[in-house]
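Colleague: Sequence:
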Amino acid sequence: MKTIVKRLVGIALTLVILAAGGLGSYEVWTYYMLSPWTRDARVRADVVTIAPDVAGFVTDLRVRDNQVVHKGEILLVIDQARYKLAVATAEANLAARYAEMLMRQSEAQRRTKLTNLAISDEAKEDSQHVAASAVGAYQQALADLATAKLNLERTVVRAPVNGYVTNLGLVVGQYAAVGTRLLALIDSDSYRVEGYFEETKMPGVALGSPVEIHLMSGGPALKGHVESISRGITDRDNPDGPQLLANVTPTFEWVRLAQRIPTRIHIDSVPDGVLVSSGMTCTVVVEGAAARPELLSMFRNKLGG
1 MKTIVKRLVG IALTLVILAA GGLGSYEVWT YYMLSPWTRD ARVRADVVTI APDVAGFVTD
61 LRVRDNQVVH KGEILLVIDQ ARYKLAVATA EANLAARYAE MLMRQSEAQR RTKLTNLAIS
121 DEAKEDSQHV AASAVGAYQQ ALADLATAKL NLERTVVRAP VNGYVTNLGL VVGQYAAVGT
181 RLLALIDSDS YRVEGYFEET KMPGVALGSP VEIHLMSGGP ALKGHVESIS RGITDRDNPD
241 GPQLLANVTP TFEWVRLAQR IPTRIHIDSV PDGVLVSSGM TCTVVVEGAA ARPELLSMFR
301 NKLGG
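Numbering (the working numbering), first residue to last: 1 to 305.
I should point out that these hints are in silico values taken from the structure, not numbers from a laboratory. Using N, Cα and C, we set each Cβ at its ideal position, and we do this for glycine too. Hints should not be assumed to be uniformly reliable.
Unchecked claim - Listed below are the simulated EDC-like cross-link pairs for lysine to aspartate or glutamate, each with C-alpha atoms no more than 20 Å apart in a straight line:
no., residue 1, residue 2
1, Lys84, Glu153
2, Lys201, Glu287
3, Lys223, Asp40
4, Lys223, Glu212
5, Lys71, Glu91
6, Lys149, Asp79
7, Lys149, Asp187
8, Lys149, Asp46
9, Lys71, Asp40
10, Lys71, Asp189
11, Lys223, Glu194
12, Lys71, Asp144
13, Lys223, Asp272
14, Lys223, Asp189
15, Lys84, Asp60
16, Lys201, Asp40
17, Lys223, Glu287
18, Lys223, Glu153
19, Lys201, Asp189
20, Lys71, Asp60
21, Lys71, Glu212
22, Lys84, Asp53
23, Lys149, Glu107
24, Lys84, Asp144
As the list claims (entries may be wrong) - Have a look at the derived ranges for each label pair, beta carbon to beta carbon:
no., residue 1, residue 2, range
25, Glu91, Ser277, 44 to 50 Å
26, Ala51, Glu212, 35 to 41 Å
27, Val77, Glu199, 48 to 54 Å
28, Glu153, Leu245, 52 to 58 Å
29, Ala206, Gly169, 40 to 46 Å
30, Ala51, Glu91, 26 to 32 Å
31, Glu153, Ala258, 52 to 58 Å
32, Glu199, Gly219, 27 to 33 Å
Can you make the complete structure from the sequences, with help from the hints?
Modeller: And the structure:
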């Protein structure tokens, strides 16, 4: 009798252990294979390239590599001597044009009052045209002065955004050409995560879903939410033909790999002391009780359960 009881107890324990192991394996497999998470994610940020709008030698460099800068802060100054002379020249030209305009207008008014016995109608019209031309020349001089002042103002290059100077190779004395990139500025307000979820996991990913971000560098997890989901990726197997017709591949692979859908994730907060750098690798896990049950239901439906 005792032997039978021992056998029954042993069988029961074995069944319990097998059931627990099977359930645990199922849960682990479900978590890693069906839950909306991905290790294919990168930290991204907008990079603003700083290029001058005027040319000249760099006379003053106000920043260092990896320095934090704020919007409107001076980054560098280009030689201002030539542009100050241009402003002085434009101011002198404006004064001359103004004096000429007054003279031509006064002359036109004086000739208009003369009788036809003293001056012809044609001469009166000519004086009016000359006065109008003088007004146009004065307005052109105003525009030239505004342009000269703008160019002088543009010799001072300021930060367009808050951020970090990165990979700085610029030195004082270097010549800066118009439109030539001098330094890069990483926008500190644009940090985000670009995650690439397998298409089989997309049913559990929705706009606004809370997200947990684990950096490969370690440290506490970051909090975020799904900001947007891409609506298209390149079809590598079926590129367009030369006449924009579909170029359908005649073969079909039995083993199909799930495509990865780009998903942009907004970082809600960064804990103190955590370094976030563009290009870092991270793991993204979509949180919330609603994400996994939907995927589990989909899996059960596929099994016919």
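Colleague: Next step is simple, just say for each hint if it's right about the structure.
Modeller: Against the structure, the hints come out as follows:
{"no.": "1", "hint": "Lys84 with Glu153", "in the structure": "holds, 10 Å"}
{"no.": "2", "hint": "Lys201 with Glu287", "in the structure": "holds, 13 Å"}
{"no.": "3", "hint": "Lys223 with Asp40", "in the structure": "holds, 17 Å"}
{"no.": "4", "hint": "Lys223 with Glu212", "in the structure": "holds, 5 Å"}
{"no.": "5", "hint": "Lys71 with Glu91", "in the structure": "violated, 32 Å"}
{"no.": "6", "hint": "Lys149 with Asp79", "in the structure": "holds, 14 Å"}
{"no.": "7", "hint": "Lys149 with Asp187", "in the structure": "violated, 29 Å"}
{"no.": "8", "hint": "Lys149 with Asp46", "in the structure": "violated, 31 Å"}
{"no.": "9", "hint": "Lys71 with Asp40", "in the structure": "violated, 33 Å"}
{"no.": "10", "hint": "Lys71 with Asp189", "in the structure": "holds, 11 Å"}
{"no.": "11", "hint": "Lys223 with Glu194", "in the structure": "holds, 14 Å"}
{"no.": "12", "hint": "Lys71 with Asp144", "in the structure": "violated, 29 Å"}
{"no.": "13", "hint": "Lys223 with Asp272", "in the structure": "holds, 13 Å"}
{"no.": "14", "hint": "Lys223 with Asp189", "in the structure": "holds, 16 Å"}
{"no.": "15", "hint": "Lys84 with Asp60", "in the structure": "holds, 17 Å"}
{"no.": "16", "hint": "Lys201 with Asp40", "in the structure": "holds, 13 Å"}
{"no.": "17", "hint": "Lys223 with Glu287", "in the structure": "holds, 10 Å"}
{"no.": "18", "hint": "Lys223 with Glu153", "in the structure": "violated, 42 Å"}
{"no.": "19", "hint": "Lys201 with Asp189", "in the structure": "violated, 29 Å"}
{"no.": "20", "hint": "Lys71 with Asp60", "in the structure": "holds, 18 Å"}
{"no.": "21", "hint": "Lys71 with Glu212", "in the structure": "violated, 30 Å"}
{"no.": "22", "hint": "Lys84 with Asp53", "in the structure": "holds, 16 Å"}
{"no.": "23", "hint": "Lys149 with Glu107", "in the structure": "violated, 32 Å"}
{"no.": "24", "hint": "Lys84 with Asp144", "in the structure": "holds, 13 Å"}
{"no.": "25", "hint": "Glu91 with Ser277: 44 to 50 Å", "in the structure": "holds, 49 Å"}
{"no.": "26", "hint": "Ala51 with Glu212: 35 to 41 Å", "in the structure": "holds, 39 Å"}
{"no.": "27", "hint": "Val77 with Glu199: 48 to 54 Å", "in the structure": "holds, 52 Å"}
{"no.": "28", "hint": "Glu153 with Leu245: 52 to 58 Å", "in the structure": "holds, 54 Å"}
{"no.": "29", "hint": "Ala206 with Gly169: 40 to 46 Å", "in the structure": "holds, 44 Å"}
{"no.": "30", "hint": "Ala51 with Glu91: 26 to 32 Å", "in the structure": "holds, 29 Å"}
{"no.": "31", "hint": "Glu153 with Ala258: 52 to 58 Å", "in the structure": "holds, 54 Å"}
{"no.": "32", "hint": "Glu199 with Gly219: 27 to 33 Å", "in the structure": "holds, 31 Å"}
The structure fails to meet hints 5, 7, 8, 9, 12, 18, 19, 21 and 23 from the earlier list, while all remaining hints are met.
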